[in-house]
Each structure stands twice: as structure tokens, then as C-alpha cells.
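Asker: Chains as they are written, first to last, in this note's numbering: chain A, 1 to 253; chain B, 1 to 253; chain C, 1 to 253; chain D, 1 to 253; chain E, 1 to 253; chain F, 1 to 253.
Note that these hints are calculated values from the structure, not bench results. Treat each hint with caution, since some may be false.
A pair counts as met if it fits within one copy or between any two copies, since identical chains are not told apart.
To be verified - Okay, derived cross-link-like pairs now, DSBU-like style, lysine-lysine, Cα gap no bigger than 30 Å in a straight line:
#, residue 1, residue 2
1, K230, K192
2, K188, K218
3, K230, K218
4, K218, K192
The model shown is predicted, which means the values in this text are computed figures rather than measured ones.
Protein chains: 6
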Amino acid sequence: MRVLIVNPNTTDAVTDLLVNAGRRVAAPDTELVPATAPRGMPYISTRAEAQIGGAIALEMLAEHHGADAAIIAAFGDPGLFAARELFDIPVVGMSEAAMLTARMLGRRFAIVTFTTQLVAWFRDCVDMHGMGSYCVAVRALSEPFASMTSVQVDKEDRLVELALRAVEEDDADVIILAGAPLAGLADKVREKIPVPVVDPIAAAVKQAEALVALSTRKATAGSFRRPAAKPTTGLGDMLAARIGHRDIRHAAE
Amino acid sequence: MRVLIVNPNTTDAVTDLLVNAGRRVAAPDTELVPATAPRGMPYISTRAEAQIGGAIALEMLAEHHGADAAIIAAFGDPGLFAARELFDIPVVGMSEAAMLTARMLGRRFAIVTFTTQLVAWFRDCVDMHGMGSYCVAVRALSEPFASMTSVQVDKEDRLVELALRAVEEDDADVIILAGAPLAGLADKVREKIPVPVVDPIAAAVKQAEALVALSTRKATAGSFRRPAAKPTTGLGDMLAARIGHRDIRHAAE
Amino acid sequence: MRVLIVNPNTTDAVTDLLVNAGRRVAAPDTELVPATAPRGMPYISTRAEAQIGGAIALEMLAEHHGADAAIIAAFGDPGLFAARELFDIPVVGMSEAAMLTARMLGRRFAIVTFTTQLVAWFRDCVDMHGMGSYCVAVRALSEPFASMTSVQVDKEDRLVELALRAVEEDDADVIILAGAPLAGLADKVREKIPVPVVDPIAAAVKQAEALVALSTRKATAGSFRRPAAKPTTGLGDMLAARIGHRDIRHAAE
Amino acid sequence: MRVLIVNPNTTDAVTDLLVNAGRRVAAPDTELVPATAPRGMPYISTRAEAQIGGAIALEMLAEHHGADAAIIAAFGDPGLFAARELFDIPVVGMSEAAMLTARMLGRRFAIVTFTTQLVAWFRDCVDMHGMGSYCVAVRALSEPFASMTSVQVDKEDRLVELALRAVEEDDADVIILAGAPLAGLADKVREKIPVPVVDPIAAAVKQAEALVALSTRKATAGSFRRPAAKPTTGLGDMLAARIGHRDIRHAAE
Amino acid sequence: MRVLIVNPNTTDAVTDLLVNAGRRVAAPDTELVPATAPRGMPYISTRAEAQIGGAIALEMLAEHHGADAAIIAAFGDPGLFAARELFDIPVVGMSEAAMLTARMLGRRFAIVTFTTQLVAWFRDCVDMHGMGSYCVAVRALSEPFASMTSVQVDKEDRLVELALRAVEEDDADVIILAGAPLAGLADKVREKIPVPVVDPIAAAVKQAEALVALSTRKATAGSFRRPAAKPTTGLGDMLAARIGHRDIRHAAE
Amino acid sequence: MRVLIVNPNTTDAVTDLLVNAGRRVAAPDTELVPATAPRGMPYISTRAEAQIGGAIALEMLAEHHGADAAIIAAFGDPGLFAARELFDIPVVGMSEAAMLTARMLGRRFAIVTFTTQLVAWFRDCVDMHGMGSYCVAVRALSEPFASMTSVQVDKEDRLVELALRAVEEDDADVIILAGAPLAGLADKVREKIPVPVVDPIAAAVKQAEALVALSTRKATAGSFRRPAAKPTTGLGDMLAARIGHRDIRHAAE
């Protein structure tokens, strides 16, 4: 099975982090196919950036053929419902997968991340998924960090400290280590935190595999059926083809 | 005062409908500045189209200087919160304005529109604005229509009929005639419907005027402060300049 | 356009504060018509006082003819839904207008006021308007104050301090300076607070103007239609006439 | 124990219905003390009437000394929270008591009443008590009725029919026969309806007895403590005395 | 009237505490019939223990004949809805009764208990009863205690302190002293706490009496009707008889 | 990996249906270990039966050693949170897994089942998982059926019909075919229903595999930590050992 990892950020090193963390839990026959945004921002962290990044994620999905499922690999799930509607394969959001997994491991979860700049967007994402009554805190480091690729190493202790406070002060039953730059960290710190710790990309890979295994079909009715064909102007070729029902791939399906 | 009407659809005739309906209620010193999307879809009606159209709305806002406020003029409010964060002027959503207005005219409102294709997106929009407990129905015509610009004339009777059923069967206290192609219809049918009828573009123009009159400032703290400058790749020039804090206009402010 | 400012308190000096603050934002052709409660309490601050004050607001509305819209000018909106049902003109609540405006300027708002005595009533008002998930705090000074008319001057610094804490500790995106004695304060302190600040009476004046401009009709169906005529005993003459459908004014409409 | 039955309507015959129905379930040592509104409406059925009637209920409570508890005996509970704050004895609302009782007899309840005029007010009351997710329907007869005092006899079969439909179509586990004119009807029709039927006045009498038996104290802190003394103008003497802390009774307590 | 006190714990001394506290408020003709679990845990305090204890409560109810009502006398209400469905008499939960009573005495209540071990289960119970928006805090002592039967004496001052903090810091209008070992404590500390204090067993006894007095019938439709007869294997004789419709008692009813 | 399928019903044939359906989607190295309740009811369908069946599920979990994860294989998830607290391995609920999966395939799902007897319990289960705003309908056949093991064959057409109505009338985006006797049906009818169809046991198997792959740890803090050791009376030996921390297996872990 081929699972496309759609990183809507332009930073290849973050894609590498994601794919490496994903591979650790993937089934033997699962191939993770990485894709880094060809345009956009190095790292999405606000509503405006997510609006743009979500549209870019749709372009990326239109351009990559032949996957069995896809993961939108930014914690705020930019473009998730749009992708789920427009494409025929299952599309999993990293934050959605993390939060659903957290609920199976406890009732109250906390989101821990590396910068306060992400908090508002992550809160909106919690609301978008109707998880407000289960998410007891979004805690973030307020200090500067050197780089996105090293932050999980540089700040490991401080992030564990935040997680411990979420357990003690917010009564969190589960911790989500959120933000693509933290991909893979959960495995390293698991023994230092006394409740289950969820790594969103790992959760997303397992959910993508699960949805493929369940062989559910693309809706042809309801609100996630493929929209009717439309002409467009000035969009990327492949996205325009998909919207206009002129894409070869899906015609063949 | 100059209010930018951002139509994220590519159809000029719909922009004309919107501006004409808006002018009827605008204050004498309010100038409505129309802008039609230079790229995208003729008419946004699904989640995927809204994801793309919302990003285009941001481009349009970056390209138009000198307005005192802006209106995202598609009922689902594509890109609204993103725009409110990224730009310094007040930005009003047509659906948000309509729903807030409806609440001041009653408690339970119904949304009436011209095609079932819009229902899922409109429902998502109701949820996005936390209006689920006030919106008692989204009713739509299920029959085909000739064109977006004539649908409000061709289907006037049928839409009134839907509104009457919403009053009788759903106990709606207020009706919102939703969808840009219905701009201006409320005025024509007001006397045929026994509860207040809201025209979203009219509501939005008045809200834009209100926010300007209140002289509130752009946040420099909180989750709607302008995001920190970021480099970008492959975005439209003006949008990239705005995101990178290289836009002349706002530097001057 | 004539907008009636119904102050359900008996303190004329508070009415003056309200009208002055309202005039600063009113359109040139808007006349604000002040009315101070002829009976009741100097300043409503509890549920019991609001129950009585709301009934007095209805009497006041019945006694003042010829307005195009009315504002219930006490932050808890006493008698608002009752007035909206009983009278033919649009009726706006000061707290409702403030909270709806706050939502167009951000997502999470805090209410800041000058005495803890108001907190319970304001919280009930937040619930009455279904705003619980948007209101992140009601913060109030707990210290004594010299007089209602001077409190906004005497306590300006302390109120700004409360607002700043709401931004920093409660993550408020918008501040509402609530309570009629604070009318006009927002303008003075706007530059000291890094998020938009809403003045409820100013917000209410703009909403009253908006509703009049939209030319919506009085409902003749639904739950805000005028109640059927009823005999009454021992009520004020004009209110009894309105309830009994014996009021000349409205018969003429 | 003396329980004051505050009928905020001016119709003595309805007070009689209420007291008779209440007596059937009252404990031997419970004396029900009837009070009919000396001014107001013959029968409250809308928001405006409830605003006025609630204020009159406060006057009535101020004028009747020596009760151990009181019941606001109109289904929409006009003035309930205000009364609970202003007076020292427990005050029970007829609708609140009915809905709390219904929840102990099942999960989903339906409200059945004799006229559609009451539906909007009853719905507001359901919301006021946070019961929206338990109340599956408010069903009302839409046909005219001869008089408030005979409606429960004249329409018995039709009301039972409504109740049966609520059980079958709305999956109601419990029926509340609401509206003071239906007081006592539950007893007569109990065997015709296959789920528990709640008579609001009966429920309220038992709750008043329960609260007295529990010997809880009047709050001197929190939001239901007695408000600080205030001067008033133009209110009824006894109510003014209570608000001004000049009432003999409570000074003696 | 005979009210069965079903203590699903195996500790007789706790049953005694409950019955003694209940008797203080019971009507003269109410006989409280104590029953201590013949098997199970000395004191239920977690979800797993409640699952088991709830099943044991059903066995106990099946084994005790001739009561007019029953109380599940553990604060988390183990087995409550199951009991209400399976048996013909009214069944009251101690926590449900306490919370409904608290709502009639104020709006915001806090739960105060003697050990943090109970907090998660009590929170689940608050959610089970849909009381989340009314319960402002669950506060518990975190220190060890000598025995369940002496904890209310040993820790009286510390519990009062917790209650006072709930009033001051959480703005609680009412305090519930929760957990069977605290039965009767409310009476002793009432004057030290400035808001009403609810004793759950006392509240439950009054609710049981109320439900019996209201003479409501067992549902024969809806979701609380008695389930159809079923064969069972390996259950207690009397419970099996009840489930299989082979119980003499109820056949006679 | 060994996944224990805990069927809390006593019917072996239903266990077979579940295991067969589960095997179709299980990974090659996943062994499904079936367990049928040694005591209890042939088929749980009400709240009372679920209370008892949930306690039996705990006994079964205590008696089966060496699994890597477990599934509570009855749609209402009896005993799920209790099991998750008491045992060290991940425990998945069939309904929880189905509903979480449904949310990744759309927003609004409907539950379709074979008998109205299950509806109330299933609704409670939806609420228990906080899914009320996503579940648009619980639809059930009201006609009799010959046997639990043949119902999915006998009623296939009728169940498909119900599913189609849920899509058309309730706007369901996803269908869950619920109830253990329908295990495996989704695969057969997938092409007849135009939206994704979820088979709960299949969803649960994939979630169990996912949780094991994620290597999360058992909580030693928070509300899902293992409860402190307790003495018990009259419980099954293995369950008593587990509660008393005398179980060899877990001591070894």
C-alpha cells in the first residue's frame, strides 16, 4: 500500500522527520511516499498560512498519482475536508488522527507544542474537529528556538516538563506532542511521561492503513461525494483537471 | 469610506448583483469598490472550492490598497478568519453578518438558497460561526436553474415558497436568503414573507460601516495580531509581500 | 432616523454618558433620543433588579412614540426579547450588540467591568445570548468606587490593567468595557490595549442604524410576532394600551 | 410548613386549579397558601407578559410574609432566578421542578400543552434551564378552546392524543402536561399514557417540601446572596422595602 | 412508605452513616430499609469498581421485595439507569438527586470530597447527568485519611476549607459534600459555609419520597419500559428471575 | 500480535460472525482470539443487560492472559472505560472504533441496526462517546427476525433500504451497520449504498492493531492509571486477583 505524506510546508527536512517517524510504525507492506510543498511557507503556523497551505495541499494531491491513501501532514489539518471531498482515496489529517487516537487511550488529552505561535491555530483545529470538551489544554513553549529541525532535540527536556504539568495541573490522561517538527519525539520521551503519548504522524499512518484495509468506497452521494465538474481559470493544471473531471487517473478508476 | 467587495468567484455579473444590492443600503459617503476574482471558479459551492477560493480572496485583499474595510462576498465566508488575521482593516463575512443580524431580529433563523449543492458548505459555515443552535434549517431548491444571474428572477416564487415552509414547519423567526446570486432578492419579496428577511450583502455592508465607525484598532496581541514576517515561495507578489512584511501600504500605516 | 436610548436606570447622569458616547459614532442623520427610567433603581446590577428594570423598560418603550429603533441601554439587556416581541421597531441590546461586534473582531472576548456586583448578571446575559463558548472571562474590579459617573475616570488605569490581564492570561482577542457607567471609556484607552476594545453603547447605536437601514419588517408570524390583544389590570396606561392593541401609534402604522 | 403558591396571573380560578392539584400530593403538615396576582394579565403566554409577570411575582413575594417556601406557579417560571436571589426562602419554579422530576423518571421528555401560543415561551424556558438536550418536543394543540378553566376537561382526549404521538414519534420517555390550566390533569389521564406523566404543580409542591426539609441556608456569598440595599423610586411599598433592606420580616430573621 | 437504601459497597458502617443521615430528613411515615452489598468492594471509587458495583446493585434490588422506591447510595450512581429500566419502582441516584437539588438552590455548584481517588469517577458522573455546564469544580483532599467511617470527623475542617475555596475561587453558588462516608456532614458544617450545602443522601431521600407521592407509573413504552424476558446463564437467582420475568413479586403487581 | 475478541454475550455463533468478519481485515500477523461470555445473556440489548454484561466483560478480560490488545465486541461498548482503566493492554470498543472511523470518512453518520430494541442503548452509547452532534440518526427495523445468526442474511435488503433512507432523508455521509449480528454485512452491501459503510468489528480490529503498533504505555498517572489494590468479596477469582493486584500475569509485566 502506498501512502502519500503531503507536507504542505516547503521544508524538506521536516518531511524527512515525518517520514522517518511514520516508517517506524508502518506495516511492512506500506510505502510512505513523501511530498514537500513546491511553493508556500517554510512552516505554516497561522490561519492565513493554513488557508494558503490548504489550497497548496490540494494541488499536491492532484499532482501525485497512484497512492492508496494520503496524509495531510501538518498538525492543523489544512485543507483536510476539502481534500476528502475532492479526491477518491482516503485522506487522513495528522491532528484528527492524533485526537481520535488520544480518545481511545483516555478521555482528556492535552496538546503540547514548541511555540506559542501555533496555539491559536491548534485551538481552531480542536474546534473544527468537535474535540473542545476533550482537549483540556494547549500548552506551548514561549521561548525562542534555533531551528525547526533541531527543536525536538534542543527542547526535549522543556517539552517533557510541559507534558508533566499538563498531567498534574490539567488532569490530562493523554499527551499529544503536536507540530510536524516534533515528529518522532514521542518515542524518545515515552518513559519520562506517566500517561500515553501520541505522535501525530505515527497515529496518522496507522489510520491511513486502517482506512485502506477497510475498503470503504468513495461517496457518490452525501456531502463528501466528488463535486460536479467545473471550469476554472488560473489554477495549477492538475488541480484544474481534477476539478474539471479531466484527470486521467480518476477517469480510469 | 471605501468598502472593498471581494467576490472570490470569477463571475463579474455576480459582483454586479452584489454591489447593486449593497448600494441600496449603504450610507451616502460609503463607496463600494468591487473586485472579482481574477482566477478560480465561476461560482464556489463546495469545501474544496472554498479552500481554493479563500486563498484567492487573500490574494485579492493583498492587491487592493486603500480600502477602509472589506467584505468577503460569498456566503460561506471563504478565508474570513485568515483575512482578519493577515490584514489591518476590518474584514466582514457575508454569512457571518447575515447570521448575527438574524439573531438581532429573532432567535431561530433558516437559510434558504437556490441549490442543494450549497447545503453542506453552508452547514459547515453555520458550525464555523458557532450558530448551530440558532439555525433551524438550511432549505434549498433541488431543481435545475438556467443561470446564476437569472436564478433569483426565475425562481422567486419557489424561493418564497421555501421561506414560507421554513416559517411554518421549522418555526423560523427570520429568513436568510443566502448565496451571492440571490443578492437583492430580499427587498423584492419582503412583503410576501411574514418574518424579517435578511439579505447577506446588505447586512455585510452595514456591518462593515459599523466596524469602521467604531474605530477599533488592529490587534497587536492575541490570536488576530498580524503574523510575524515569513519568506514564501511561489505565491502572488502582493500576497508574498504582505506575508513578508514588505508591503508598502502597510509599512506606511 | 430617531433612535430611542432606553436607560432602565433612574440616573440621568448615566443617560448623559450613554448619549454622549453614542453620538460620537452616530451617523449625521441619526438623532439619539434619551429616556431615563421614571421609576426603579439608580443602577441595575442583579437578577432581581433586572427583572423589574426590564418591565420598566417595556413601559418606557410604550410611552415613547415615533422612534425608528430603540436601544435597551443597560449591559445585561433587561427586557430585550420581550421588547422585541411587543414592539414594531427594531430593539437592540447593548450587551448583545457588543458581543456580536466582538465576534467580528476576533473569536475570544473578555468582558471587563468596574464592580464584582455585576458579574453574575453579566454571566447570565452571556448565556442568554448563547455566547458562553466565546466569552473567555468576566473580569471586574473588587474595590469600592466613589460614584457611577466618575468611576470611568477614577479607575481608568485599573480597568486598563484588567484588560491587559485578560489579553495575557485569558488569551482574549477583544475586550468589551461593560456597564453603562463606562460608556465612552473605550475611546480614551484604545491605544493602551493591544486588541480591539468595544464600547457597548457605540456598538448598539451602529446596530440600531444597521437594522433600520435594512428595512426589515416586523414579524407577523413566528415567535416574535406581536402577541394577541389582552386585557390587563393595574399596568401603566401606555403599556396596557400596547398589550391591549389600543395604542394609537401602532394602530396608525 | 407553609408553601406560598404565587400565581402571577390574575385569574383566581387558575389559582384554584393549582392549589387543588397541589393539595393532592402535599404532605399532611403542608399548608398551601394561594396568591393570585393583583395586577397583570389573566394568563401569561409570551415573553413580554412573562417579563411583566415576573416583576409582579416579586411584588407578591414581598407582600406575603411567613411562608417557608414559595412556588412560582406559571410554567415558564417568570421571575424565578430573581426571586431566588431576592428572598430568603427557597423558591421553586413549576417548569424547573417538572423538568428535573422528568429526568429522574427517564431521559427524554416531551412537553404537551393546550395552545401553540405558549410554545415559544416554553422553549425559552427549556433553554433557560439548560434542558435542551433532554426535551425532545414541545407539542401543542392548535385549535381554539373555550376557557382556561375548562380546557383540561374539554380537550382531554386531544391532549392524550398529543402525548401518545410524543411517545411514538419523538421517543419521549416522560410527558409533562404543561401550563397552569392543566393542573391536575395528569392524575386523570395517567392510565391512558404508557410512560410517566408529570404534573408541574404537583412536582413543584414536592420539591418545595424537599428544600424545606433539607434546611439549607440562604446564601450570604455567591451569586444568590441577597443584593445590597438600594434606594428605589416608584415601586410597590413592600418590594421597595425588601430591596432597600427595610422589610421588618427579614430584619427579624 | 418503604425506601430501600442500596449501598453497593460492602461496608456496613457506611450504610449506617447513610441511613442515619437519611432519617434526619425523612417524613414520619417513611421507613428507610438498609441494604449493604453482600459481595464486591468495601468502597467503590473507580470506573471499574462502579461497573461491577452497578451490577451488584441490580442483584440487590432484585433480592429486596416490597419497597416503594429505592436509592442507589453511592455518589457516582452505579447502575442507576439500568435499575430504572429493569425495576418497577422509582429508583433515585444519590448524585443525581444532589445535583438536581443544587440547581434549585443556585446555578453553579461545586462537588467537594475527601479523596482525589474519586475525582475521575465523579467527573464522569457529572457528564452522565449532563451537568457539565453547572458543575464549576470537583475539589478533593489529597492527603491520606484513617478510615472511611471517621473521615468526616477527622477532616471536617479541611473539607470546610475546600468548600470555602470553591465559593471564593470557583464562584460556586452551592456545595455538594459528596461520597457516602460524608453522609450527615452537611448538617454539622452548614453554618460555616456561606452558601447552601447539599447532603446527597438527604437529597435522595426527599426525591424518593417525592416520586412516590407523585404516583407516576412504570413505563410500558419508551426506553425505560421493562425489557422483554430473556433467558440468562450464571446470574444470581433473583436477578435472573427478574430478567426472565419469573419474579413472583412483579408478576403480582 | 494477539487481539482478544471479548464477546460479552453467551452466543458462540455471534462470536464466530465477529471473528470471521474481523479476520478479513486483520493484518497477516494478527491473531484474533475469540472469547464468548461464560455467563450472562444470549444477546445484550438494554441498559440493564449492558451493566451486567460490562461486569462480565471485566471477568473475561481478567481470565484471558497474554493478549496484546482487546476488543469489547458488543456495539454499546459495555464496560469499555472500566476495562481501559483496570487492564494494562489497549482496549477498543466496537462502537467507539466505528464512530471514530466514520468521522474520518465524513462528518455526519447514521447508525443502522436490525431491531428497535437496541435503539435506546445505542443512543446512550453515542452520548457516552460525545458523538451526539455527528450522529444524525439511529434507524432500526421494527419487524421481527428469525435468529441473530441469520438476521443479516434474511434482512439484507431491508437494512440496505434503511441505509439508503438515512443517506437521502438524514443527509448521512457514512453508514455504520451496528450490532454484532451484522458483523461482516458491510462487505456484502458496500456497492448498494452510495456512501462509505463501516463494519464495527472490522474498524475495531484495525484500531486495536494501530494502538499496539503505536507502543503507547499504560498510564501510571491520570484517571486511567490502574486503581490501587483493593480487597474484594464474592467476585470471580481472576477478577478479584486483578483488582487486588495479586494477578501473576501483570505482576510479571
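Asker: Now, for every hint given, state plainly whether the structure supports it.
Answerer: Evaluated hints:
Taking CA atoms no more than 30 Å apart as the test, K230 paired with K192 passes between copies only; the shortest distance there is 27 Å, against 53 Å inside one copy. In this homomeric assembly, K188 and K218 come within 30 Å of each other (Cα to Cα) only across copies, at 16 Å, whereas the closest approach inside a single copy is 38 Å. Taking the shortest Cα distances, K230 and K218 sit within 30 Å of each other inside one copy (19 Å), while across copies they are farther apart (38 Å). Taking identical chains as interchangeable, the C-alpha atoms of K218 and K192 lie at most 30 Å apart only when they sit on different chains, with a minimum of 13 Å there against 42 Å within one chain.
Hint check: no violations occur; every hint is consistent with the structure.
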